[in-house]
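Asks: First to last, the sequence lines map onto chains A and B.
Sequential numbering from 872 applies to the first sequence in our numbering.
Sequential numbering from 872 applies to the second sequence in our numbering.
Do not take every clue at face value.
A pair counts as met if it fits within one copy or between any two copies, since identical chains are not told apart.
[What the hints assert, rightly or not] Subject to a maximum C-alpha distance of 25 Å in a straight line, what follows is the list of computed DSS-like cross-link-like pairs (lysine-lysine):
#	residue 1	residue 2
1	K921	K977
2	K916	K1024
3	K1043	K984
4	K1072	K1047
5	K1045	K984
6	K958	K993
7	K916	K958
8	K1004	K958
9	K977	K936
10	K1070	K1014
11	K882	K1072
12	K906	K1043
Simulated from the structure, these hints should not be mistaken for laboratory data.
Here the structure is a predicted model, which is why all the values come from computation and not from measurement.
For reference, the chains in residue letters:
2 protein chains.
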Amino acid sequence: MNSQSEEDYLKALYHLEMDFDAVSTSSIAEYLNMKPSSVTDMLKKFAEKKFINYQKYKGTSLTKKGKLTALSIIRKHRLWETFLVEKLSFGWDQVHIIAEQLEHIKSEELIEKLDNFLDNPKYDPHGDPIPCKDGNIEEMNQKLLVELKTSQKGIITGVKKGTASLLNYLDKEKVKLGDSVKVIEILEFDGTYIVEINKRKLTFSEKICQNLLLETND
Amino acid sequence: MNSQSEEDYLKALYHLEMDFDAVSTSSIAEYLNMKPSSVTDMLKKFAEKKFINYQKYKGTSLTKKGKLTALSIIRKHRLWETFLVEKLSFGWDQVHIIAEQLEHIKSEELIEKLDNFLDNPKYDPHGDPIPCKDGNIEEMNQKLLVELKTSQKGIITGVKKGTASLLNYLDKEKVKLGDSVKVIEILEFDGTYIVEINKRKLTFSEKICQNLLLETND
DNA sequence: TCTAATTTTTAGTTTTGTCTAAAAAAATAT
DNA sequence: ATATTTTTTTAGACAAAACTAAAAATTAGA
């Protein structure tokens, strides 16, 4: 059984490995707001546990075991975020901190039941894919609305980082995650999109379209 | 912000104070599976924090502050248990261990939203009352079915300790928490109860009636 | 290439919450 | 009422996970 702290390190390692590929001691420290010396200690421990490939002074990478363990934590995090938004009506921007705690709850059965309760969602409220039980993570066919052409369709999966206020706006317009969107017309003059959602025509500014994530089928 | 460990001690203190009234260092140690010396350490800390009235060698009692803090943890525990049973369809006997973890999640807003999501339940799946936000705990008007006379009514709130299998049986009979029960007839010969639940007549053996908890209105 | 700057690791300290063993206080029994 | 037993507290140790400061390795600059 891994400690909360270990789980946080594993997640950090996973995310850093995705975004950049050099995972240095100091980058981990920065990500987790800790001192590099603390990171070194944990890396040694992780090498023992075979979570990482580690050579002194040479940086790290997750082993298969490490990656799978990280994915199971990310799965929990994203399922809980989905729960908080879909069932408890939290705002999409409020759920991260709470999910950081919930992700550490230990119970396989709990997470499977939660998954079912939520109808086995594929994406969390931020549009990030939810890894499945075996660690498979569906590669996203995710696009911004602004990338779609007239008559193309997609399903709303989230919004881009740092655009929390957009969520409130969408809420007010009764637009929800999972809603289907079809592009009716794009105004050349200012890039405004006219789309159809739930049989209603809506108008989105270019700025909105640059921040709205959709799952498409190409 | 109190640590997980502190919260466990507070809960233990509260429960011990309810059941017995002499709360000795060793009884706490036994309850928490720890050594008395560890308990003494925590008691000193709690005295500092004004959670308890503590005099060396003289045992302890919770202060108002301690009691309120304990109740807020118990509130969380019981709301989560209710969630697990009602929404995730866990068995009534499986939820305690998971709720022991969930009760430590820190978020006022989360617990208020969970409470609403569950329709502000008054009792948890074991029939224990859920303290409300301000720490008020509704004194139970709880009775065993066997205590009711013909034509009396009650609402099912749970089953007695150690009768997990009864829950499965009730589940199979489509009897749920919150269902209304009316006693139609009591057979003198063997104490069998004939009751009405959801407009259906059901027959319960005396043994069942000795283990089924109801909220009544006397 | 060889020195200077940066990064990483090591060594030693701190805090929290546990433990064991010993000392002190209280309770019990004769 | 005092000696024995039990309970509680004290004192000191340990593990986990963080820290600081110093040493070692690597990288970069001239």
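Asks: State for each hint whether it applies.
Replies: Results of checking the hints against the structure:
1. K921 - K977: Within one copy, since 21 Å is at most 25 Å while 32 Å is not.
2. K916 - K1024: Classified as neither: same-chain Cα gap 48 Å, cross-chain 61 Å, threshold 25 Å.
3. K1043 - K984: between (31 Å within a copy, 20 Å between copies)
4. K1072 - K1047: So K1072 and K1047 pass the 25 Å test inside one copy only (15 Å; across, 44 Å).
5. K1045 - K984: between (28 Å within a copy, 20 Å between copies)
6. K958 - K993: both (16 Å within a copy, 20 Å between copies)
7. K916 - K958: Neither, since 38 Å and 39 Å both go past 25 Å.
8. K1004 - K958: both (22 Å within a copy, 21 Å between copies)
9. K977 - K936: Within one copy only: 18 Å inside, 30 Å across.
10. K1070 - K1014: Within one copy only: 22 Å inside a chain, 54 Å across chains, cut-off 25 Å.
11. K882 - K1072: Neither. Shortest intra-copy (41 Å) and inter-copy (55 Å) distances fail the 25 Å Cα cut-off.
12. K906 - K1043: neither (43 Å within a copy, 56 Å between copies)
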